[in-house]
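Undergrad: For reference, the chains in residue letters:
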Amino acid sequence: MPAIKETVKQVDDIGVDKYKFGWSTDLETEKAPIGLSEETVRFISQKKNEPEWMLQWRLDAYQRFLSMKVPEWAKVNYPEINYDDMYFYSAPKDVDGPKSLDEVDPELLKTYDKLGIPLKEQEILSGVKSNIAVDAVFDSVSVVTTFKEKLSEEGIIFCSISEAIKDHPELVKKYLSSVIPKSDNYYAALNSAVFTDGSFVYIPPNTRCPMELSTYFRINAQNTGQFERTLIIADKGSYVSYLEGCTAPQRDENQLHAACVELIALENAEIKYSTVQNWYPGDENGVGGIYNFVTKRGDCRGKNSKISWTQVETGSAVTWKYPSCILRGDNSVGEFYSIAISNSYQQIDSGTKMVHLGKNTSSKIISKGISAGHSSNAYRGLVSSHRRAENARNFTQCDSLLIGNKCSAHTVPYIETKNSTSIFEHEATTSKISDDQIFYCGQRGISMEDAIALIVNGFCKEVLQELPMEFAVEAQKLVGISLEGSVG
Amino acid sequence: MFNVSNLTVAVEDNEILNNFSLEVGPGEVHAIMGPNGSGKSTLAHVCAGKEDYTVLNGEIILNGEDLLDFEADERSTKGLFLAFQYPIEIPGVTTLTFLKSSLEAHYKANNKEILSTPDFMKLVKKKAAELNIDDGMIKRPLNVGFSGGEKKRNEILQMALLDPQICILDETDSGLDIDALRLVAEGVNNLRSEKRSFIVITHYQRLLDYIKPDFVHIMYNGKIVETGDSSLALELEKSGYNNYTK
Numbered sequence: 001m002p003a004i005k006e007t008v009k010q011v012d013d014i015g016v017d018k019y020k021f022g023w024s025t026d027l028e029t030e031k032a033p034i035g036l037s038e039e040t041v042r043f044i045s046q047k048k049n050e051p052e053w054m055l056q057w058r059l060d061a062y063q064r065f066l067s068m069k070v071p072e073w074a075k076v077n078y079p080e081i082n083y084d085d086m087y088f089y090s091a092p093k094d095v096d097g098p099k100s101l102d103e104v105d106p107e108l109l110k111t112y113d114k115l116g117i118p119l120k121e122q123e124i125l126s127g128v129k130s131n132i133a134v135d136a137v138f139d140s141v142s143v144v145t146t147f148k149e150k151l152s153e154e155g156i157i158f159c160s161i162s163e164a165i166k167d168h169p170e171l172v173k174k175y176l177s178s179v180i181p182k183s184d185n186y187y188a189a190l191n192s193a194v195f196t197d198g199s200f201v202y203i204p205p206n207t208r209c210p211m212e213l214s215t216y217f218r219i220n221a222q223n224t225g226q227f228e229r230t231l232i233i234a235d236k237g238s239y240v241s242y243l244e245g246c247t248a249p250q251r252d253e254n255q256l257h258a259a260c261v262e263l264i265a266l267e268n269a270e271i272k273y274s275t276v277q278n279w280y281p282g283d284e285n286g287v288g289g290i291y292n293f294v295t296k297r298g299d300c301r302g303k304n305s306k307i308s309w310t311q312v313e314t315g316s317a318v319t320w321k322y323p324s325c326i327l328r329g330d331n332s333v334g335e336f337y338s339i340a341i342s343n344s345y346q347q348i349d350s351g352t353k354m355v356h357l358g359k360n361t362s363s364k365i366i367s368k369g370i371s372a373g374h375s376s377n378a379y380r381g382l383v384s385s386h387r388r389a390e391n392a393r394n395f396t397q398c399d400s401l402l403i404g405n406k407c408s409a410h411t412v413p414y415i416e417t418k419n420s421t422s423i424f425e426h427e428a429t430t431s432k433i434s435d436d437q438i439f440y441c442g443q444r445g446i447s448m449e450d451a452i453a454l455i456v457n458g459f460c461k462e463v464l465q466e467l468p469m470e471f472a473v474e475a476q477k478l479v480g481i482s483l484e485g486s487v488g
Numbered sequence: 001m002f003n004v005s006n007l008t009v010a011v012e013d014n015e016i017l018n019n020f021s022l023e024v025g026p027g028e029v030h031a032i033m034g035p036n037g038s039g040k041s042t043l044a045h046v047c048a049g050k051e052d053y054t055v056l057n058g059e060i061i062l063n064g065e066d067l068l069d070f071e072a073d074e075r076s077t078k079g080l081f082l083a084f085q086y087p088i089e090i091p092g093v094t095t096l097t098f099l100k101s102s103l104e105a106h107y108k109a110n111n112k113e114i115l116s117t118p119d120f121m122k123l124v125k126k127k128a129a130e131l132n133i134d135d136g137m138i139k140r141p142l143n144v145g146f147s148g149g150e151k152k153r154n155e156i157l158q159m160a161l162l163d164p165q166i167c168i169l170d171e172t173d174s175g176l177d178i179d180a181l182r183l184v185a186e187g188v189n190n191l192r193s194e195k196r197s198f199i200v201i202t203h204y205q206r207l208l209d210y211i212k213p214d215f216v217h218i219m220y221n222g223k224i225v226e227t228g229d230s231s232l233a234l235e236l237e238k239s240g241y242n243n244y245t246k
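As they're listed, the protein sequences go chains Z and V.
Under the numbering used here, the first residue of the first sequence is numbered 1, with each subsequent residue one higher.
Under the numbering used here, the first residue of the second sequence is numbered 1, with each subsequent residue one higher.
It should be emphasised that the hints constitute simulated quantities derived from the structure, not laboratory data.
As the structure is a computational prediction, the values presented were derived from the model and not from experiment.
Don't take each hint at face value.
On the chain V side, residues computed to face chain Z include the following (Cβ under 10 Å) [what the hints assert, rightly or not]:
1. T42
2. H45
3. L82
4. Y86
5. P91
6. E104
7. M137
8. P141
9. L142
C-beta: ideal position from N, C-alpha, C; glycine also.
Could you build all of it, start to finish, from the sequences and the hints given here?
TA: What follows is the structure in structure tokens.
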């Protein structure tokens, strides 16, 4: 068998057939009436015991959504989504909100245990698991948030967004949709109308969050969309590192995940947001999988603020996602590090936007796309500078790696500058894993599968090293890499 | 020990090796010389298990096993090493990482205990120093931006680490200046032992001044047409291949 053909086969084997999170948990659930309507929106708001202002906010978003059209500019193809056949709310019975660990259904705890998500604080404190505070979101609700008390000693608020709406309405009112307006885009409007849960983080001034914060999303129920909303505010001079992970069971139908994540960094604050996205990608023939339509945006609102996005995208049938930075404050910094791996019939259209508004702002984009199988992998990015944005700087590097000859990689960079002092650099490469590289590794005793992992590891290195340790491990596993073999 | 017999190999419809046979005993050094296109590199690649060749007939026996039954990585762990004429670049993967992956694959295949990282580092540093390879070089991505001399020394470093039984050097002298050539040849000479054999493919007698062969073969049209001792190489240097290619 020619090496490349075998390579493709190998990658297929490590990729799709070994989706480890494809099992589902059998739980009694409570669902909203099927389909999308004003009733559904009211049902969700009522389920969450939301105040009237929140309901009105949602209904306004729903009205805007009705007048909007599905965006068609991305390089992805999928059948029209029928919102009438979908549930917009599904919660394990008897879970109205996060509880203490003792009260959580053991079946749920087992689920997270199986996923390797540390929820038991004792274990974590005794050093069995790594030091992360976790908000666990199961379908439409947050089931547990760990380390809340310890964090609140520092004045840090880490809770589900549903709780925040009730307990911290002043912060939610002030910041929710201040980065992503309700009618920003079709999916953001949909999310605003029907979002069910997600995480809320507030870091008070001059506080360095003492542990990694993390949300773990799990879609379990059938025919159910997940619409989470995350809002993170880093007040003046604070720092937080936040991790997001996601998995879903293996199902034949497509499921929708339309999230919104808003980050706000005030003066001298820094937010580091990392994602390992491992939604079910569909089977080797492209049946099933998650539609991942996500709006993520960070606002460097204060001077000298910094927002950094790191993402490892391996899952989902279709990904439409552009974590962006608005560099509003003078001297603010935006970063985007991405590894996007597509296999089988996966489609990815992902990238970032760096919008330079303040003076002396700088941004950096490192994107690594790896395509295998019949997949399509597009980087789409925008770097722009406002006419008042003196001395804006950007460096962009987009590298694509192709495995086999049925996949494709595309790079669509937009650069718009309205200020002559801007310096924007763009570098792009496209390469293939060659038969010669595989043979060379083989001649040194390294099997084809290990050789591919080694080469891909090398290709992604710049991005992998940006991940927090806890996630780097998961990410490497995902990429099919064993760092055991690496000492460099 | 290493025995190639009646090997016939084609690329598409062209027969490159034509009933080729060669017997290499333990500790022996065989030089293979021959004009361009005589099939020298094909022989090296087929022995190492490169795809794109069709083996029509013959065997490649190492320690009683026919290597043709095994993939390239298995042939490597069974003790065959090929020093490449053009070592391949792998961006982003440091030489050290590559060496460790390679060595671990060998240990695993041969049921040997994997070295701890400090022991591995000690071993690499020792072998590297013998070849005048500094720490900086092994921390750089594999072969990327290496000079010709660095690439070839890196090949010999790998050979030293993997401890093979049969080494094939495919025009290792090409692209080397005289100092680098001496260094590489010394590296090879240090590895000569009663158990390890070499097949040295070269165009020039010069390399054989440093690596003294037990046998010199002249290859033409996919087979060996003449065999002698090192004086044969000297004679070739004077009169060329004309006497053997008619």
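Undergrad: Are the hints correct? Go through all of them and say.
TA: Status of each hint after checking the structure:
Hint status for V/T42: violated, given a least beta-carbon distance of 14 Å to chain Z, over 10 Å. For V/H45, the shortest C-beta to C-beta distance to chain Z is roughly 8 Å, which falls under 10 Å, so the interface hint holds. For the restraint placing V/L82 at the interface with chain Z, the shortest Cβ-Cβ distance is roughly 5 Å, inside the 10 Å limit, so the hint holds. Here the hint on V/Y86 is kept, as its CB sits about 9 Å from the closest CB of chain Z, short of 10 Å.
Interface hint status for V/P91: upheld, as the beta-carbon distance to the closest one in chain Z is roughly 6 Å, under 10 Å. Of the supplied interface hints, the one on V/E104 holds, with its beta-carbon coming within about 6 Å of a beta-carbon of chain Z, less than 10 Å. Against a cut-off of 10 Å between C-beta atoms, the interface hint on V/M137 is violated, since the closest Cβ of chain Z lies about 12 Å away. For V/P141, the shortest C-beta to C-beta distance to chain Z is roughly 7 Å, which falls under 10 Å, so the interface hint holds.
For V/L142, the interface hint holds, the least distance from its beta-carbon to any beta-carbon of chain Z being 8 Å, beneath 10 Å.
When each numbered hint is compared with the structure, violations occur for hints 1, 7.
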